[in-house]
Each structure stands twice: as structure tokens, then as C-alpha cells.
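Visitor: Take a look at the letters that make up each chain.
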Amino acid sequence: MRKLWIGIVILMLFNACKSNTKTALPILGYKTPVTKTVNGKTVTDTEYATIPPFKFVNQYADTITQKNLDGKIYVADFFFTTCPSICPVMHRNMLNVYKEFKDDDNFRIISHTIDPKYDTVPVLKRYADKLGIAGNTWWLLHGEKGDTYKIAKSYLQSVSEKNPKGEYIHDGFFILIDKQKRIRGTYEGTDPAEVTKLIADIKTLKADPDQITAK
Amino acid sequence: MKIKAIGAIAILLIIIGASCQSDDQIEFKRYYSGGSLVYQQHCQNCHGDKGQGLSSLIPPLTDSTYLKQNKAVLACFIKNGLKRKITVAGRTFDDDMQADDIAPLEIAKVLTYVSNSFGNKMGTVTLQQVQDDLRNCK
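In order, the protein sequences belong to chains A and B. Residue 1 is where the first sequence starts when you use full-length UniProt numbering, and the numbers rise one by one after that. Residue 1 is where the second sequence starts when you use full-length UniProt numbering, and the numbers rise one by one after that.
So here's chain B without its partners, still in its complex pose (with noise of 0.2 Å):
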């Protein structure tokens, strides 16, 4: 008897754990399809369907380690836009980016997708964590 119920709650919290991990991943793929769509529409122009940019014009977004560097402004990047001298792939630019006054979580949403997409792999990039940093911007 006691046996039994040890394993019904053993059970029970492997379920939960296995749920809570999926909604992990659930939210995840919502984030990620989401961002796939705001990317073509408000991206993709510039930036390309690969993320490959455009010569010295318009950087790449296929570089990992910039975007590690750089993860907690990449939400002003957008909100406020980018008129500076910056490093991507080795390479220098300093054409500007206009501000895109998108919802936060449109911003955590095609980060997701730019940051796990390209051959970039960072994970989710969330709400919470989105709002955070637009406070932080400068």
C-alpha cells in the first residue's frame, strides 16, 4: 500500500517535471515562430534572410560571440536604434539603424529568433528579461 503511494506520487512528480519543462520548450517555439515573423517584416530587408547583411553597409547577424557581448542592450538596439561605430565579424560599420518602436515583447520575441537562428544559439530571450533592459538603456 504504502509502496503504491510512494510510487503514484513518484509518478505525479515526474509528470509535473516533465510538463514544466515542455512548457519551457512550448514557450520557447512560441517565442521563436513569433520572432520569425516580426524578423521578416521589420529585419529582413537589411539584414537578410540569412541574417548574412549587406557588404559593409548593413552587419551580419551571425555573429554569436558579438551578440553574447552585447545580449543585455540588444532590446535598446532596437527600441532606440544604433548611430555608432561598431565591430561585427571582424568587420567595421557605422550606418545607422533607425529606432523601432515595437511592443517589448514583439523585441523578446524576434530575439528569440535572431538569437537562435544563423547558426546563434542562446535560448530564450523573454518578456521579463526584455523590460529589464529597456529600463537599463541609455
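In isolation and in its complexed conformation, chain A is listed as follows (with noise of 0.2 Å):
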């Protein structure tokens, strides 16, 4: 009898340490078993879908690789300037993002514009002013639309052409990356709750001890 109480304790206490420790954020994305050899031996690893390499133009003109996100967290949605439906309110909670982070250079923010015809540079700079967002925190970008369309599978998004109505359907969530260009995690962009969980998911990945030994 006393002998299942102390184990009861020590499972108690055991649990009790379990919940302390922040639990690490989930790895997205398609995995794919990959066998390699370690020291002559066989092991089966599992390697995560990362952001493949992109090229495309930022607000101020400047080019925009993967390497300008080298070890950094980052934030990307999909967007255009005229979006009259859930465009303004996604922007208005990423604010929040940006005025959580915009001191931190190992922080960035990129929105895709799936309007490249009508969203240029200039039109994106325009936006950017009016939005109130300056420095390098918060990239709007212009690429060719079959590159953007096709970054955006990558993110898991799904955007479209302009349907009968002359409206561009496409989905509302802000995706967080982390230095490994790994997806952390997808929230609905258009939901205050769920960009104050976001703001917390990248402070939680911030101090993942994976991320602050990542370059």
C-alpha cells in the first residue's frame, strides 16, 4: 500500500515536470523517410518539406531571395492592394505582428501579392506608406504570378485566378517559418484569437534552443 503511494507521488511529480517545460511547436508539412548511413549503419530519418529557393522584389525595388531570410523567423500571407473582402482585416491584425517584432532583425514579415498587374512596385510602396509600415520588418513582394502561385502550394495556400466575378479567391492565413524554412504553424489570419496565439507561437519558437543555435 505505501509502496503504490510513493509511485503515485513520483508519477505525479514526473507529470508535473512534463507540464513545466513549454511544449515545442509542431513541424508541418509533407514528410518524406529518408534513408541514410551513419558510421556504416542504416538509419531511417524523416526529413520536413522546407520553402524551396524563390527570387522576387520587395517594396523599395530590391530583390528578394531565401537568403534574405537566412536566420530568420518569418511570417507569410497572400494578398492584393484592392481586396475589398478579408485583405484589410488580415493586414490589420499582421500589424500586430509587426509592432510585437519590429525591433528584432532576425524577425520578418513577407506578404505575396497575387495581383502583380495591377499591385507594382510603386503601388506596393504606396500601400505600405498609407499602412504605416517602414524599414525592412515587413516585405510586400511582386514576382511573376506563376512563381507566386507556385510558392504558394509550398506554403500550403491556395490561390487562384480571378473567377467569373472578377474576384481573386485565396485563403486568409498568415504561415510562420522558421530558420530552417520549416512551416511551424498556419493561422487564420482574419481571427484577432488566433493571431494572439500566433504572436505567442513566435515567441515560443524564438526561444526554442533549435532556433537560437540555427544560423
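Every clue listed holds true.
Pairs of lysine-lysine residues, derived as BS3-like cross-links and limited to a Cα-Cα distance of at most 25 Å, are as follows:
#: 1; chain 1: B; residue 1: Lys71; chain 2: B; residue 2: Lys85
#: 2; chain 1: A; residue 1: Lys197; chain 2: B; residue 2: Lys50
#: 3; chain 1: A; residue 1: Lys130; chain 2: B; residue 2: Lys50
#: 4; chain 1: A; residue 1: Lys153; chain 2: A; residue 2: Lys55
#: 5; chain 1: A; residue 1: Lys99; chain 2: B; residue 2: Lys50
I should point out that these hints are in silico values taken from the structure, not numbers from a laboratory.
Put the two chains together into one complex; each comes in its own frame, and the hints tell you how they fit.
Guide: In C-alpha cells, the structure reads:
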């Protein structure tokens, strides 16, 4: 009987410890098992999907590639400046993310326009100015439509051409990417509660030992 | 007997008076709550749940002075859209608001909601008023 009690107490302590450590964010996206030979032994490892190389231009007409995001945690979304529906809500919420991390040079926000014909670099600059964002924390990216639509897929997002009513259909998600360019979370950008969670998750991710050491 | 009759008439008048007043209030409440739904569906994405707008892209709906000065053309703004430089809450805006082809009654409801929320207090915008204003749109 006594032994049982001790056992229960130990178990409780163990559980208490476990719940004290912050749970790490999951890694999302497609996983592929890869077999490698390490020290003469065959081991199977899981390789997570990463965001492939890209090349776009930001609101300052600077070329931005995946290299500009090396060593940075970032959030991506898809929008267009004349979007009457969900984009104003998304960017009203994204402004909270911007304000929280704008002094952190290891953090970025990238917003891809899905209407590159209208959203030229000067249009994006004007939008950025009016939105009240400055500096290099938040880039609005212009690129070939095909490139943007292709990269959207690697962020697990669906965007498509204008429908017969002349509207673009696109997801309103914010996607959190870590320094290894892996997807760590997707958040409904129109929901303030989800965006609050995103801000908390960015803090968790920044504190992850795996991220502190990553270059 | 006479006094009783006068008393009864007085009470009747008071009841009529009171019910007239509450008719107005009922109408206001009906417009206001209907307007809050129209607002959520047609305006909130842009103007925000607190009428706060979005930076310098979309004007707030909290400038009572602006709303009062433009009271007679607000219905036209919604019906025909607005595409010009305006100054709201001390800031200039020049992005476009698209026309929204909603029924005059919906316009009356949403304007009642907007002009009595977010710190505004301008009373009911009636269907009659909206119909008159729409006739004078430029």
C-alpha cells in the first residue's frame, strides 16, 4: 500500500515536470522518410518539407531571395492591395504582429501580392506607406504570377485566378516559418484570437534551442 | 362624474403619448440591431469592428463631426461608392470605396447603426430620409 502511494507521488511529480516545459511547436508539411548511412549503419530519418528557393522584388525594388531570410523566423501571407474582402482584416491583424517584433532583425513578415499586374512596386510602396510600415521588417513582394502561385503551394496555400465575378479567391492564412525554412504553424489571419496565438507561438519558437543555434 | 371623465381622457392621452414615444424607440432598436448585421456583412472587413478603419488606407467611422456635416450624402456614399480625397479625423484618405448596391432600407439601418455606434449619437436615419437623400445624389 505504502509503495503504491510513493509510486503515485513520483508519477505526479513526473507529470508536473513535464507540463512545466513549454511544448515545442509541431513541424508541418509533407514528411519524407530518407534512408542514410551513418557510421556504416543504415538509419531512417524524417525529412520535413521546406520552402524552396525563390526570387521576388519588395516595395523598395530590392531583390529578395530565400537568402535574405537565412537565420530569420518569418510569417508569410498572400494578398492584393485592392482586395475588398478579407485583406483589410488580415493586415489590421498583421499590424499587431509587426508592432510586436519590428525591432527584431531576426524576424520578417512577407506578403506576396497575387495581383502583380495592378500591384506594381510603386503601388506596393504606396500601400506600405499608408499602412504605416517602414524599414525592413515587413516586405510586400512582387513577382511573376506563376512564381507566386507556385510558392503558395509550398506554404500549403491555395490561390487562383480571378473568378467570373472578377474576384480573387485566396486563403487568409498567416504561415509561420522557422530558420530551417520549415512550416511551424498556420493561423487564420482574419481571426484576432488566432493572431494572438501566432504572436505567442513566435515567442515560443524564438526561445527554442533548435532556433537559437540555427544560422 | 365629470372629473372622472377628464381623468380617463388624461390617462388615455398619457398612454397614447407614451406608446408613441416607445414606437420611436422600438423603431430605433429595430433599425439599430438590423444595421449591426448589415455592418458586419458589408462594412466591417474594411472599417473594423470598432469603426477604427485601417491606418491611412481606410478612414475610421468615429469622426462625429465629419458624419454630421455629411449626413445628407452618406447614403450616396454607400450606394455610389466614394472615390475622392477626404479628411476624416484630421487625416486625409484617397483610396476607393466601391459602390454597394443594397436596398434603401438596408442603407437606413446601417447608417442608423454607424451614426449611433463608435461614440456617435445622431438618432435614427429613417427610410424616408434615405430615399430623399438618394434622389439628390450627385
